[in-house]
Amino acid sequence: MAVREAAAGPRGLGRDEETALLYERAHYRHDPCWLLPVPPRLCLACVLELLPEPCVSLVRKKHVLSCFQDALLRHASLVMQLVAQDQRICTHFISMLFGLLCNVEDGSVIDLCIEVLIQLTTQLKLEQTVHCLLDECHKELCNMPSMRDSLATLTLLGKLVDAIPPLADKLVMEHSNLMEHLLRGLVYPNEGVRASVCYLYGKLYSSPVAAEMLSGHFREKLCPLFLSILDGAQTKELQINCLGWLRQLLKYDLFVSVIMNESSLAESTEGVEGPPGKTSLPLVLKKLLLSRDETLQVASAHCITAVLVHSPAKHAPAFIHADIPEFLFEHLSSSSEVLVWFSYNCLILLAEEPLFFSKCHTVYGIESVVRSLQGSLRMNNTELHKEGLLLFAEILTRQPEEIKLFTSSTMCRDAGRALQEAVNSPVLEVAAEAVKAISAFLRKDHQSALPVQYRELRALLEAMLNRCADFSQTPLNRRPLGHASSRDSNKAILRRGKFLLSTLEGFRNACRLAMEFQSEPSAHENPFTAPGAEKEDTLEAFSEFLLSACDSLCIPMVMRHSEQATQPNLMEVFLSILHSLFVIVPHMKEKFSKKLASSSFIRLTLELKARFCSSQSHSDLNQVCSSFLYDMSLNLLSAPEKTEPPSQEELSAVSAFLQHGLPEIRSRSPESLAFLSDRQYVEGIARQRQYCILLLFYLAYIHEDRFVSEAELFVAVQSFLLSLQDQDERPPLTVIRASIYLLAICQDKDDALDEAVVSAIRKFLEGIPDLHLVYIHHPLLLRFFLLYPELMSRFGHRVLELWFSWEESSYEELDDVSSAGQSPLPASLAALFYMLRSSPSILLILLDLIYSSPVDTARKVLIVLRTFLMRNEDVQVGGLIRGHFLLILQHLLVEHGASPSGDSGNLPLLLSLLSLVQLKNKSEQELDSMAMKLLHQVSKLCGKCSPADVDILQPSFNFLYWSLHQTTPSSQKRAAAVLLSSTALIELLEKILALTWTEVDSPRTALLCSAWLLAASFSAQQHDGSLQVHQTLSVELDQVLKVLSFPKKKAALLSAAILCFLRTALQQSFSSALVALVPSGAQPPLAPEDTALAPLGTSQVLSLVIGLQNLLVQKDPLLSYACVACLEALLDYLHARSPDIAFHVVSQPWNRFLLFTLLDAGESSFLRPEILRLMTLFVRFQSSSVLSREEVGHVLQGAALADLSTLSNNTLQALRGFFLQVQSMGLLADESTAQTLHVSLEGLSPSTSSAEPPLDMLCLGGVAVSLSHIRD
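Numbering of the sequence shown is given in this note's numbering, commencing with residue 1 and proceeding in unit increments.
Hints may be right or wrong, so weigh each one.
[Stated by the list, open to error] Computed cross-link-like contacts, SDA-like style, restricted to lysine to any residue with a CA-CA straight-line distance of at most 20 Å: (1) K642 to L773; (2) K287 to T235; (3) K944 to S970; (4) K498 to N569.
Honestly, the hints are just simulated from the structure, not real lab data.
All chains, please: the whole structure from these sequences, using the hints.
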């Protein structure tokens, strides 16, 4: 009952299905433990009895077997527990299933049996079970009369070895006679059997041990047969299994050699008559490549790759002769990524064989490669991208130069665009492969298809550089500190360095390409460019792009990377790029070299040589560094900024010692300094090395790269110069220039050269034709020459001359504002001024320069001296300069005789300086003998000039005028006597004064002003001192009055000067022995009322007064002083001869209007000296109609309320005069106000006024003016 209940199965299970699963005839005898408690409800005992039963239908057996397989899959542990409890059960199960396998012919049942046997065997994991099954198979194969019936057994063996790989070795070792049965299966004319045998062989040869044991079997019996089967296979199953076996064989070099040797024999007998049977593997694989089955194509390409991997050089020719590359190129257009990948792989290996290129397969296939690359880049298969780029790079690299790869510029352009797209890939590995391909692409023979696509090349290089820049700027992943983090960071830096190196190699190839195209005129520009169009597609534009890209991208990237790691191979490529750019863009090489030098590239290169090349290692890097320094040094020397360019002879000398010395420099800076300081005997090669070291330090310092200590370098250069002197050597000019410059720059303020060094320098310099050959324009170099008397006495004049000839400062602007003394000085001038203050004798050299140098240089010297004298009031050098100037002037007069103006040169500048020195002299100073001699010489010089010599006369007149007014009265008398003794000077003055009537507002206006002021001064001094007159000075009085009656607005200073002259004449009552006032022409007889006023007439007086009023209204301070002083003298003259006319002139209503016009400037406008003097004049002549008593009182009241301490001395003097005049006229209405004002004036002497005393001697518009002379 229990068995029947168990057999009933779960509720709901159909009776038919129950019957199918249980063998009812025997099931009741079975223990319930054999019944699976889970679906499928299968009784294992029933399975054992049902499957061998011949009366059970095959369909039912298949169903039960399928359910058993399902149970094995779903409940393996439960089934294994039942089956494995007894070895006999296991063996019985295996035998029963194998028997079923051998006795059925239905293919699906056979497959099911094989699968169950494999599952049962692998899950049991019992060695006895495996042996049992192998024995059964062996027995079956041995007893089988026909191989046709062995298909199932062979299939089982193949899958069993596949499931349990160690069985391959066991099968070969313990059942070796099976190989004969397998061999029989290979020759059996059934492709199914052959396929099973090939499958089994493939599994056997997958084991290295079994493969080695079967090697002889394959070589002796299988190889030709196998190739023949592969060649003749018709079914896909046999083809696939053969290829699988072949792939296993191709893992071993032995079998590859056997197969390829067999193939070569087949190829060698291909054209010989004889029995067929020899088959060539390349031809077989070629046939499979030509099939339309993608699986076979992929497998074939895989096998080709497997052969070539062992030795491309040995095996590739066979495939190339079979034209396999042609079909591989065709497959690159396939839509299958796997097939394309394997085709790439094969072609990469074939590309290692030169025959691949010589047979022009690449020329045929390059277009396919480019199109495939373009298509693959649109996919997301990174490995495919990398493999395609690797193939492209291999072809581009290995393609022989004599075989042109790209036959048109269009194809070349498409290739460049594909590479540009690839290098922009976000995947770093893809971009890295693209960079390598670009590097190979930038070859002359690849770009020689005209027209050269320079624009496309530029876009390609920009993409490559920008990709590298983006990657180099990606921040490193900074994780917490630790060994792992450090390793990751180092790996990231190395990865960046590798990518940067590839990029630089590509850029170097672009530079090499530009250099190679320079020798080909046809490649310089696109011949199809339209006339007049902008020519961007030219070699010149491309070359300039290379320079710009290197400057903006390559250099910053390398500098950033070198901060983290320095790789010698990377720096070698980088420096070779910089070196090549000197040749590529020759018109920019000097500018580029200066930028490199100022960016510390001399230091960088020397550090690289010291770090990597010191022990004779990295010879290539040493050579590149030396070549780079050589060219950069010559470029820097050929285009100096602050010195004369060297001669070709000098450059040749520098080139010689640089070529010999630079490769030997491998030491760090301290060692180089020590070597430079060596005072022992230095031989030729070592001396050249010293020259190189010194020159490099010099060029670095010139461009502000001071990477060695100044103090140490200062000492080293001194020792070097002494060594040269000790060995009596004459170094090249460049070395002398560099030595002097470095000494000047490195010399500290407290350090001084030894006398021996100074003597050596002087000796070297004396052997030079001219100092300009070694001169460098720098303030410290000037200081160096002027600091040591031995050098200054010998070379000071020439050094200063060179200094000013090189100066480019805007001295004119400095001259314009020099009187203010507030503009900041340029650094060079500040240094020169410091030296002038410490050594005033330098002024004598500057004075010589003004006379002997070219005009533009002399002009600079003059401005410098003038500025120095104005800004350094405490420096008294007048005597020193005047004495030297006297010698120059005497020499000039002797040299040029009667006409110094004809070849005056820089004499006007010297005279300007002399006048300035005179202006700096203190007033009331006695004129010594030297000053008197100078007066005599200057007056003599003026006498030899004509009125046209304005540039000489103007500074001379200024000097004479200041000399008269800046000395004591006794000296004034002596000076005036000297000047009056020069009849030529008086005659010249007369001629110049006569020009006043015709040349007002002319360029000679300033000279006219000086002439009138001098005439007034001469007249006053002669009259006051009763000096002897040797020549009278004739002046037309009516012309003087006419000019003053109708003045020009723009000639205020000239009007003031003429007024000063007229005032002097009025004060002398026209009785001067020097000045003769003559009429302009025939004059009518004087009227009776004019007789007393002679030589003036009443109408002339009234016109003159009106003219003075008009001049006063202009409110020019200097002109106002002159007008008031002239009006005072006129009224005194009139009052002495005709008081009525004097009172008439004063009482004119216009005077009141004039006064109020002058007073409308503000409340305290009356406190101006000229207005106070004018009001004093009106009070003196009792002109109440002009200034009433009440108005006088208001003026006094305003003065009493004002802060008198702030007024100038001139104003106080004028106010005191006004107060005394009012007091004397009895016009004081308010006694308290008068008393307050009197006390204030008495208590405030001119010396106690807080207002700064005004300068009396001025230079206005180039005219020397004494305010006191104009005013008083």
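Results of checking the hints against the structure:
For a cut-off of 20 Å, the pair hint linking K642 to L773 stands: about 12 Å separates their Cα positions. For the given pair, K287 sits about 14 Å from T235 by alpha-carbon distance, which is consistent with the 20 Å threshold. Among the hinted pairs, K944 with S970 is inconsistent with the structure: their alpha-carbon atoms are about 28 Å apart, more than 20 Å. Distance restraint check for K498 and N569: the Cα-Cα separation of roughly 10 Å lies within the 20 Å cut-off, and the hinted pair is therefore satisfied.
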